[in-house]
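Let the sequences and hints guide you as you build the complete structure.
Listed in order, the protein sequences are those of chains U and S. Its first residue numbered 65, the first sequence is counted upward by one per residue in this note's numbering. Its first residue numbered 227, the second sequence is counted upward by one per residue in this note's numbering.
Treat the hints with care, since some could be wrong.
[Claimed, not checked] Calculated lysine to any residue pairs in the SDA-like style (CA-CA distance at most 20 Å, straight line): (1) Lys546/S <-> Arg418/U; (2) Lys458/S <-> Gly347/U; (3) Lys509/S <-> Leu491/S; (4) Lys312/U <-> Arg288/U; (5) Lys70/U <-> Leu421/U; (6) Lys199/U <-> Ile525/S.
Worth flagging that the hints you see were computed from the coordinates, not collected in a lab. Treat the numbers as computed from the prediction; the structure is a model and nothing was measured.
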Amino acid sequence: MDVMPKWAEVILVPLISLLLAAILSALVILAIGEDPVAAVKLMVTGALGSSYGWGYTLYYATNFMFTGLAVSIAFHARLFNIGGEGQAALGGLGVALACLYIPWPHWSLALVGAALAAGLFGAAWAAIPAWLQAKRGSHIVITTIMFNFIAASLLNYVLVNMLRPQGSMDPATARFPETVHLPTLHDLLAPLGIEFSRSAPANVSLLVAVAACIFLWFLIWRTRLGYEIRSFGNSESAARYAGMPPVKIIMVTMMISGALAGMMAINNVMGEAERLVLNSVEGAGFIGIAVALMGRSHPLGVFIAAILFGFLYQGGAELALWTTIPRELIVVIQALVILFTGALDNMVRMPLERIFLAARHRRAPKPERKGA
Amino acid sequence: MDFLTLIQLLDSTVRLATPLLLACLAGLYSERAGIFDIGLEGKMLAAAFFSAAIAAMTGSVWIGLLAGIGASLALSAIHGIASITFRGNQLISGVAINFLAAGLTVLIAQAWFQQGGRTPSLIGKARFEPITLPFAENVQNVPFLGPIYYELISGHSILVYVAFAAVPFTWWLLFRTRFGLRLRAVGENPAAVDTAGVSVVGLRFAAVGICGILCGIAGAYLSTALQAGFVKDMAAGRGFIALAALIFAKWRPWHALYATLLFGLFGALETRPDVIEQIIGIKVQGQLLAALPYVMTVIILAGFVGKAIPPRAGGEPYVKER
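Written out as structure tokens, the structure is:
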């Protein structure tokens, strides 16, 4: 029997962890001689006070939804995919190739094609560590870390030596053609009569990310494969005993994870930059870890956590613009969230469990002792 | 390639291998005791910043070194509390530590020095200067051996010699002392150590502490010896290369030396593409060379060239009486 009621498990524990992270972040801001209250006010107005701010918040959130979902599904199989960064970079390569070399007649077709290419590239990049884990027992955390670095070198090589247009010094591809331009939220909302900032980068990929959240919920809790993934994550030996093939589960889970991370590229590469640049992922793959931990690996939790991190990201950019607080404040907050919701989870959980246990003992009469 | 170019190449190999070696040995202690540590990078970065910052303020590199070790130990303590005391996920804790260091160093650097996340350049006593070993100048004109002694062996900062001395010391400590035996045992079978009446928690904290000290020296070397001052993100993935070297060395001290020297050589070659072209006759892209340590580690991990088997209880928190 669980020690804690479900609501405490799902809401109370993450909330307390988050609160601790927030308190420490405020102390950090105080320590560098700034005012935390003013900083939060500036972040809120900068990220949520205008449709321009919302446009950026949602743009970042879209990235984090994809990478957060990627980490989440791997968590369900008790695999730690730390390679979202590399998989998203490879996804970007897929998007760039699809957009540059296929003459799409319309953006909607291009979006489908680019998403497929991104997913395929991301999945392929995750498949190698997955195969090594499943077949050779190489630790997936280490291999995915290595693959992040290999991806960075590979992309650097491909951009500088192959995809760079003639005469350009910039290690980046040519601009994608006008036909693959994705409609931004401004374009989407204008027909409905809603004014939305023209210059914000949030685009139709946000809807794809939301669809991916719903898809993942369905996959994990409503399909046979999802059941297998969860069983494998809870007890590998039980899953094996029940006849679920571990190699297949590891491979499929990691490839879905890689595909999700890769699909982030339809947002940042196709939707925003409209060309592939060096280091296009900008750490979103790692933020996915924080998002997945905070969202308790549940798609709804990931959705909420992604928007929160989108807010932090955009708010942090505003802070860096208007105050002397550097953008790295967000990295610190991200680290604290990972620390408290991930590594120090038991620190919050253990005392809470004790409180709930004590409360239950008081409510229920003490059970009679059996026998002597 | 002439002899002098070779010596220069090896000289920069030694320079670049030193931080890798220190971090690799740091990871070796921790992982041999059953605590995975992917936070080597963060600890090095924090140490690099604090040693440069304090050295710049006090003008003494030795106080800077102590500050760097202190910063690294503080992060080790977080890792220990999270993964030993609260039995959290060691990998997630390591990730958090890396980000914590990446963010805090820039934040504090900006607050202290207002130079865009860097420290002032270190000069004079605030840096580890190269040491000229005895008779180095006298023998430098002796053919063959002279340049080797003068250019390659002499003329490094004290931390380089510390790093190289740490290899036999680590071997001795781990394989010839009671503490070492217990430390290795706690990474293989903590229950057995516990049954023998030795504290698992104490041993693991000791290992994590040693790891912190070595990472601290590695970080201090980066900012006060290899370069003169801290710049943002200056660890530049070295913590992960050290991790790769650790796997490559299969968690053994002497092999750690060879692995880090090899990866140091790759680093040295990266800056000298002309040399590679001379030797193998093909132009090799620097980016591909940069990826080589990681590719080699994956191949080793995959067990295609001898299997790398990590300590058996690595990554698992120890719970008394299941």
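Hint check:
| no. | hint | verdict |
| --- | --- | --- |
| 1 | Lys546/S <-> Arg418/U | 19 Å, holds |
| 2 | Lys458/S <-> Gly347/U | 15 Å, holds |
| 3 | Lys509/S <-> Leu491/S | 17 Å, holds |
| 4 | Lys312/U <-> Arg288/U | 13 Å, holds |
| 5 | Lys70/U <-> Leu421/U | 14 Å, holds |
| 6 | Lys199/U <-> Ile525/S | 13 Å, holds |
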